[in-house]
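Here the structure of chain X is known, so what remains is to put chain V in place on it, guided by the hints.
So the sequence lines, in the order shown, correspond to chains X and V. Convert by adding 29 to the 1-based position in the first sequence; the result is the number in this note's numbering. Just so it is clear: in the second sequence, position 6 is -6 by this note's numbering, and no numbers are missing.
Just so you know, the hints here were simulated from the structure itself, not pulled from any lab data. Every residue, glycine too, gets a C-beta built ideally from N, C-alpha and C. Hints are not guaranteed to be accurate.
Looking from chain X toward chain V, a few residues come up when the C-beta cut is under 7 Å (computed) [as the list claims (entries may be wrong)]:
no., residue
1, 38
2, 42
3, 49
4, 72
5, 79
6, 81
7, 83
8, 84
9, 103
10, 136
11, 155
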Amino acid sequence: MPRLYVVDTNVIVSGVIGRGPESAPARLVSEMLAGRLPFLLSVDLLGEYRRVLLRPAITVRHGWTTDDVDVFLSALTMAAYLRQPAGIAEVHDPLPADDLPPDCPDGDGHILDLLAHEGCSVLISGDRQLLLAVRGWRTALTPAEAVIELTS
Amino acid sequence: MPRTTITLSDERYRALKQVAARRGTTITEVVDRALELAGVNTREAVEAMVAEARRRSALSDEEAMDLALREVAADRSERADPPST
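Same shape as in the complex, but just chain X (with noise of 0.2 Å):
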């Protein structure tokens, strides 16, 4: 199995917002897109991918469309290996504490689901509070190392 990384909100929106094509969101998002980046996704992470995407601050930044936003995630959905964690899915109870890393930051629960439904992934991410806290517990990394890690 290979290792399965979830990729967070913000590398996404920073992928497709910042101008250069060559920064490691960019690169990693053109991976994803490209399916040489085995990425995992839940209708939850989706879910949130698409209303960054169609906040007001972004969307002056980006210019698409709802359904040019749509087919971005299509695209990428075709791509992800889909996975619904049952406590997030069917009836929103929390992971118990034990299984969770200590000091998790608020509303970040859909990450750490997937993160835990998956012993072998990894997470991608540039909030350093989230990647400080799911250290220890799984591998967590910025977006320029998982751009090393890929390349390497």
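What follows is chain V alone, placed relative to chain X:
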């Protein structure tokens, strides 16, 4: 442009004609758009769309990540504590 033949149920074909009529467009355009939304795009087409978005945005990589972090935090905060209506 290549042409192809597909077989649809009577119900699906009727629905397709109704959608095209409602939208004032052609069956070909409805099918083309549905395929696009189903992810049937060349990777090059989606990459070109992303490249155009990056050109339009013109944010530096650091500014882009900062904005993304702020907007994700705002979304998560709203989800955790939805604004009252």
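Hint check results:
Taking 7 Å as the C-beta contact cut-off toward chain V, the hint placing residue 38 of chain X at the interface holds, the least distance being around 5 Å. Restraint check, residue 42 of chain X versus chain V: the minimum CB separation of about 4 Å is within 7 Å; hint holds. Interface hint at residue 49 of chain X: satisfied, since its Cβ lies 5 Å from the closest Cβ of chain V, which is below the 7 Å cut-off. Among the interface hints, the one on residue 72 of chain X is violated; its C-beta lies about 14 Å from the nearest C-beta in chain V, farther than the 7 Å criterion.
At about 10 Å, the closest approach between the beta carbon of residue 79 of chain X and any beta carbon in chain V exceeds 7 Å, and the interface hint on this residue is violated. Against a cut-off of 7 Å between C-beta atoms, the interface hint on residue 81 of chain X holds, since the closest Cβ of chain V lies about 5 Å away. With 7 Å as the threshold, the beta carbon of residue 83 of chain X stays out of range of chain V, its nearest partner Cβ sitting at about 10 Å, so the hint is violated. Interface restraint check: residue 84 of chain X against chain V, minimum CB-CB distance 5 Å, threshold 7 Å, status holds.
Taken as an interface hint, residue 103 of chain X checks out: its beta carbon lies about 4 Å from the nearest beta carbon of chain V, inside 7 Å. With 7 Å as the threshold, the beta carbon of residue 136 of chain X comes within range of chain V, its nearest partner Cβ sitting at about 3 Å, so the hint holds. Residue-level restraint check for residue 155 of chain X holds (minimum Cβ-Cβ distance to chain V is 5 Å; threshold 7 Å).
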